[in-house]
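Please arrange chain B on chain A, whose structure you already have, making use of the hints.
Chains as they are written, first to last, in our numbering: chain A, 577 to 866; chain B, 577 to 866.
Don't take every hint at face value.
No copy labels: a pair is met if it fits in one copy or bridges any two.
[Said to hold, decoys possible] DSS-like mimics (lysine-lysine), calculated; alpha carbons at most 27 Å apart, straight line:
1) Lys861 with Lys649
2) Lys862 with Lys812
3) Lys861 with Lys820
4) Lys709 with Lys862
5) Lys862 with Lys805
6) Lys649 with Lys730
7) Lys640 with Lys862
8) Lys805 with Lys861
9) Lys861 with Lys578
10) Lys820 with Lys862
11) Lys662 with Lys861
12) Lys640 with Lys812
13) Lys649 with Lys805
14) Lys649 with Lys578
15) Lys698 with Lys662
16) Lys662 with Lys730
If you are wondering where the hints come from, they were derived from the structure by calculation, not from laboratory data.
Treat the numbers as computed from the prediction; the structure is a model and nothing was measured.
Letter by letter, the chains look like this.
There are 2 protein chains.
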Amino acid sequence: MKIGVIGGGSIGLLISAYLSDGHEVTIYVRRQEQKQVINEYGIRLAHQREPLSVSALLTEELAKEDCLFICVKQFQVANITPLFNKHQSPIIFLQNGMGHVDLLRDIQAQVFLGIVEHGARKINDHTVAHTGKGGIRVASYNGDRSLLEMMVSKWDRPDFPIELEDDWLSMLGKKLVVNAVINPLTALFGVPNGDIITNPYISTIALELCREAADVLGLDFSEQWNHVKEIASNTKENMSSMWKDIEEGRQTENEAISGYLLHHANHDIPFTQFAYNSIKALRLKKELMD
Amino acid sequence: MKIGVIGGGSIGLLISAYLSDGHEVTIYVRRQEQKQVINEYGIRLAHQREPLSVSALLTEELAKEDCLFICVKQFQVANITPLFNKHQSPIIFLQNGMGHVDLLRDIQAQVFLGIVEHGARKINDHTVAHTGKGGIRVASYNGDRSLLEMMVSKWDRPDFPIELEDDWLSMLGKKLVVNAVINPLTALFGVPNGDIITNPYISTIALELCREAADVLGLDFSEQWNHVKEIASNTKENMSSMWKDIEEGRQTENEAISGYLLHHANHDIPFTQFAYNSIKALRLKKELMD
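Same shape as in the complex, but just chain A:
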């Protein structure tokens, strides 16, 4: 397949690298520099010697592809949706949170949603470390399920599994709960994911955040809490994306995660409110320091 990957961050590089084996992959990036370096050197997985051949173009040069993976941050989705009506290839959105779902209604192409359970760290513009082996789950939003099934069968491979899910809402909800618990607390306390379960005081707060998130999304609390603990344990050494964003002074996904819950709650969710304001407080502190 001709696959387009939009976004040259850690997830965009990771997907491009794995799918380049067997597909013709073009990665669409924002900066001329990154386009050049990928076209010259390919994309390298940090544990492998040989770079993988991937073409790069700027986002505004979007060409006709058989499908598009959208790997930009949630808060950048609004900037690129106008591009999608040009070719109307099937699109797979891989954002955290659920804030982007409200933007998908106006897209004429077939839309699919996915979540990424891999750990990845961008080393430089064309190198990515695959720090946590996980998988990708996808479900249809308004697209043809048999088309998705066909595509998944072509993408799926043992070292980079892609699985089909039935219900996009519960799939994204489950991921949102995990993010609403692990992301703000690891950033606030400056700890790796495992501390969510090993530090009993962080765990006490985590449980309350999980209860609030499950409640807002209409999901079963104890099922979600077990899932949060499982993810925290499986990724115990990892630095969450929000912690990295705070450390590096970048915009976080706070609005798409805790902000989404606050916006959709019909009663007070004080732990989430505390966590949401904490991330904003840390961002402002960092901004004023830099």
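Below, chain B without anything else, positioned relative to chain A:
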């Protein structure tokens, strides 16, 4: 007057230094080393050249004094209460929080309570910096008010004011609210006191903590919130005692402050619960790192 000051921390050193001008002050300390250095060199205020002459003894050597100032941390009060029945001098307790009040019933001496609004930083065992000019407020707990009035008139001086208050409960309550808001948030975010009002996201959380604390103590919210903002503004450059305790890996007054509120609340106070667990989480993180 013969004045005994129990506790060789920043507040004990500060009070001993100021009251030594006009009174015969003995400071009671835990360590032989500190006793020796004070007996040899006196106590020095960091902004003054000349040391002040203060005697030092170990706490267990407690002699007859005209009155005793108790300047140990709230969580150390229980260790020293047995000493007080030896001489039965009037005692002034100067702890943060309200946890120690439950321990005072069994003391046979006259008991007074006070709060310290000075900023002070211990430089070494016999030197203290007076970092914020404030005052001390005292009220009777079960003691003779006219005795307290007489003593205050002897202690009070323009550069170290001591004021009489009518109601110990509202005096301590007011201070407890300030501590329950400023202490955990400055420690959690690693910011000076002024950020409580200048960082709008910390301010949002601060307001909720203030509301919960005022509510538990039966105090008027907007009065307390104005007081919190005033103190944060007056001490805007200061590093709170709890932030210092966390940084230096020492036990905090979390139990006496947020813990007291959680113990005395008759409904959920989630912001306080989040803050209380945050301080415990940071303490544990620090312990495991050291």
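Starting from the hint list further up, note which numbers the structure goes against and sort them upward.
-> The structure conflicts with hints 4, 7, 9, 11, 12 and 15, although it agrees with all the remaining ones.
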